[in-house]
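2 protein chains.
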Amino acid sequence: MYEVFFQKFRDKVSLTKEEEGLIKQFLTPKKLRKKQYLLQDGDVCKHIAFVEKGALKAYTVDESGTEHIVQFALEGWTISDLYSFLTGEPATYNIDAVEDSELILISKAAHEELLQQLPKYETYIRLQITGAYIALQKRLTSIISLPLEERYKHFTTTYPDIAQRVPQHMIASYMGLTPETLSRIRSRIFSRK
Amino acid sequence: MYEVFFQKFRDKVSLTKEEEGLIKQFLTPKKLRKKQYLLQDGDVCKHIAFVEKGALKAYTVDESGTEHIVQFALEGWTISDLYSFLTGEPATYNIDAVEDSELILISKAAHEELLQQLPKYETYIRLQITGAYIALQKRLTSIISLPLEERYKHFTTTYPDIAQRVPQHMIASYMGLTPETLSRIRSRIFSRK
DNA sequence: AAAACCCATTGATTTTGGTCAATGGAAAAT
DNA sequence: ATTTTCCATTGACCAAAATCAATGGGTTTT
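So the sequences go chain by chain: E and X. Following my numbering, the numbering of the first sequence begins with 57 at its first residue and continues without gaps. Following my numbering, the numbering of the second sequence begins with 57 at its first residue and continues without gaps.
What the hints contain is simulated information worked out from the structure, not anything from laboratory work. A hint or two may mislead.
Same chains, same names: a pair is fine if it fits in one copy or spans any two.
Lysine-lysine pairs mimicking DSSO-like chemistry, simulated, CA-CA at most 27 angstroms apart [what the hints assert, rightly or not]:
1) Lys-102 with Lys-164
2) Lys-176 with Lys-64
3) Lys-164 with Lys-64
With these hints in hand, go ahead and build the complete structure from the sequences.
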């Protein structure tokens, strides 16, 4: 149940068996069926969720009811409304399951306790958030500097797993496009080469 | 010379005079004239730069020679090509001074040494990068979910200082627009209210 | 003080993506 | 097995932003 989590952890910081056991006490497993919410806009985000299996998405919904996907998370990724988690303010994102999923939850209390008790946990969190920041900055850069067709190619080469598993209209939403436009971009790419 | 830096540091983590002295040994001040480069695309990013005074921008340049601004940094902000800094890969951003500026540089060696010697430094870095991540995620959300006019308003209310000090064509670039389009959006906003 | 440059604005036109609508196929529900 | 539902695609049309081009106000340079 915790294999992927500790694998990712050890990729960043080495752990003894004892430390692993200590951490385990603070983790809560949770299963989520496809389309179930992990978090709803307006609620306070109570957990950081690590994806052991499955796929989730974080998104906003505008007045017209359109979803705008902010983030996908597959196995090995972490998802939350970090601002809400840290401040206790109501969340501005919804998070739900794109597929049946298995998660590992870290509550605010557990997070703070681990930061206190285990310096390696702080290092893990620091490296984890740093990686997320860099990935986000690259995404932003591709949005402001690449033409649409290049952006789509960049996306599919950076995240081939997401491109394969997730319905196209969600990818369109993630890219800030309508499904029709993404479909046309794809057909242009295929016909041209 | 180090006032703003330690002020920001203490906002996140308290420091004794001794600790402050220790950190100071690892910092290098640097002045930059308007338009001077701090980092050029292709070079390795050797430092994290903290802005004591002035304003910098990080940007890419596409084949047509157009700049795409990824980030601004005013007093109290930090700027670098973090990916290049951490991995030693060539940078993909240029960074230069929008105004005459005073910086505090942290080299890779200094960064690693401080992480080793001073747990509070790691905490500072963790909180700092967390804040940057949240800000970036908000920016991304506004890009994919808000209509242009709202996005501009969001920008000016979130960063009134940048909106005032930086030329409009740079803000257009930061928003992924042409200067003409931003100008028209502004005139629409002013005439409408 | 004049010249050169930078920059914001405005107009005319083109390009690009969005909207509305219909179709067909595949997957899920009954 | 058959009906729904969901989803990708395509077409016609519309709206929005980019491009091209010109103007004039400010700065800075000389």
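Here is what the structure says about each hint:
1. Lys-102 with Lys-164: Within one copy only: 6 angstroms inside, 35 angstroms across.
2. Lys-176 with Lys-64: Both: 13 angstroms inside a copy, 25 angstroms across copies.
3. Lys-164 with Lys-64: Classified as both; 20 angstroms inside a copy, 25 angstroms across copies.
Going down the numbered hints, you'll see the structure goes against none, and every one checks out.
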